[in-house]
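So the sequences go chain by chain: A and B. Residue 141 in my numbering sits at position 143 of the first sequence, and the numbers go up by one each step. With positions in the second sequence counted from 1, the corresponding number in my numbering is that position plus 365.
There may be inaccurate statements among the hints.
Below, a list of computed lysine to aspartate or glutamate pairs in the EDC-like style, where the Cα atoms sit at most 16 Å apart [claimed, not checked]: (1) A:K312 with B:D413; (2) B:K605 with A:E174; (3) B:K649 with A:E174; (4) B:K652 with A:E146; (5) A:K164 with A:D181; (6) A:K184 with A:E174; (7) A:K92 with B:E648.
Calculated from the structure, these hints are not laboratory results.
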Amino acid sequence: MKKPIITFARWGNYTIAFKTLFEQLGLEVIPPEKTNSQTIAEGAKIAPEMYCFPMKVTLGNYLPALKKGANTIFMVQNVGGSCRQRYYGAIQEKVLKETGHDINFLDFRAAPKDIYSAIKKISNASFWQIIKAGRFFFKKLRLIEKIEKVAQYYRPREIEKGMTDKILTESFSKLEELKKEKDFPKLKREIFKKLSEIKIEENKDLPKVALVGEIYTVCDPTINFEVESKLGREGVEVHREMDITYHLKKLIFPWKDWIIQKKINPYLKSTVGGHGRDAIYEMLHYIKEDFDGIIHLLPFQCMPEVTVRPILEKIHRESGIPFLSISLDEQTAEAGIDTRLEAFIDVVRNYHQSKKSKI
Amino acid sequence: MIIGIPRALIYWKQPYFWESFFENLGFKVLLSPPTNKEIVEMGVKVADPETCFSNKVYWGHLLWLDGKCDLIFVPRLKANEEKLEYCPKFFGLPDLAQILVKTPILTETFDRRKEETKKALERLGKKLKKNKEEIKKAAGTAFLKEKELKEKEEQEFFKKIQSKKQKLVLVSHPYNLYDDYVNLRMKEKLEKLGAEPIFIDEVPIKSQISNLKYRASINGSEGEEEDEVLFASQNLNWPKFHWEFGKELMERIEVALNYRIAGAIEISSFGCGCDAVIKEFVEKTFKQNRIPFLYLMIDEQTGEAGIQTRLEAFMDTI
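The whole structure should be built from the sequences, with the hints applied where relevant.
Take a look at the structure:
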């Protein structure tokens, strides 16, 4: 067998953590290309037309990496349960082979045991090496998620506009370069020190908006046209619960699903695949937390999210909370999204003001 | 009491069963009329713009029934006897239906991974204040009727397969194949063009066919070869589907490939997420076996003239 050179599906800032995972296992990695309009177009060109958007995006991300010499692709299936995500691997493998790429496709279930055996097979790493790589991966992953959360707080409050995003980009590139686990605590302290040095207006009364919806579009800023930072810069505090940790927690603790089901029973009595139920649960939760708006992000024609959208709209009508649903695909233009966001921010501000004046 | 059943989508998964089941229980059943222009328009108006065309048609049927009956029956189909799942859009149907119409929705979950259909039917009966005995009898009669129809269908298939005309296999979901308005009377059109359309639903699944009948029908051979020989010649590869229709469609295609078919047409409703996956493998299978393949997408804006032209062109290539 040829020496495996790995590439994998890109996923926002988490790509850094995945890259580290493979590197620590002693594998050669060519990270997938950063998503831009060109990779999206390339992916959409060879993907089945009716397939959902994240599949086309990740496919487009592989292509430049494959050109650079990668020959093995890692893909996790079964993240979405009943939805099309299951077949991403099968379809991508088929499409890539049909377009003349000689690749080795590793498609495995997202259960810890399967992931372990797939990694073991490809890397020949020892048990301890895998454990260590896994630990480092989780450390980085947690840090990325934490930084993102902190940035959500700082962005609308910063005095010098754009400071937070600047530090964020710097931190992520430093984190990507970090190779040794023992240097990790130092970098972590450094990043948080820098973040805390951002001058902010405390006690500012800000409207709060929550992002709900499909995990990939919600978490990847390059796909959703940086909704998070755009809202932040306009002085809106953004929250989101959906991230990898959230998803993993649900995998490890299945009763979390049961709790969610109990909360959303008046609206939906069954799973609909993917994170359909979670969107309803989160929306109800955020309304209780007195938020001023909900943005629902989904890939165009995403089966679970489209199924729950009428329910979200019903909740929106009942509670009066501003609600915006944005579907994304390769034909979505940034200008269109910007206009809709601007209008939405106005609605959110009005809603926030009117709530205050009632008290 | 009148129970309304929308004649769309999941109705076609088990046509006649529910109708006869409720009638046996002594209820009046109101079936919505065959899909027409008004129904589609009503559905499209209220539906989420990104949901699939078949779903939009279903909403139209629901709205037609709204107010005309006491209960509307919308079952929640989750998994079939092989423990394979239905389309995830079916899971939420009763909840979404309740948002849409004022008439109360009668529903029950059918999940063969967890329990027998009998138990689910008993629970359904309880909601209608019927005891177990009555349910058992009603379901029994309904199943018998369904079986009868299936057998008739199978015989039809063997009659059709002997036909001298060019045989075309129509691959799609039952709710596209049997709804004449939705598929723009595809069957009629093909017959006019001189072909013999065979619905993929009519093709028996391998395990269903009795050996004798099966062998006799293949070019009149007496069945000296083993079944394995017959199937080994084909190049089949597709992932293990967790959707019931995925597995079923592919298996039926596998059987259909044993006969001399002139071409295959797949009809898919716009926005169908599952078809996006299955189409890839259906197309691949037919192409590998060198059978001309046409893929048609239908939605509320499909024009009859456009379809006619494409069908004519396809017939010319065969």
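Could you tell me which of the hints above the structure violates, numbers in ascending order? 2, 3, 4, 5
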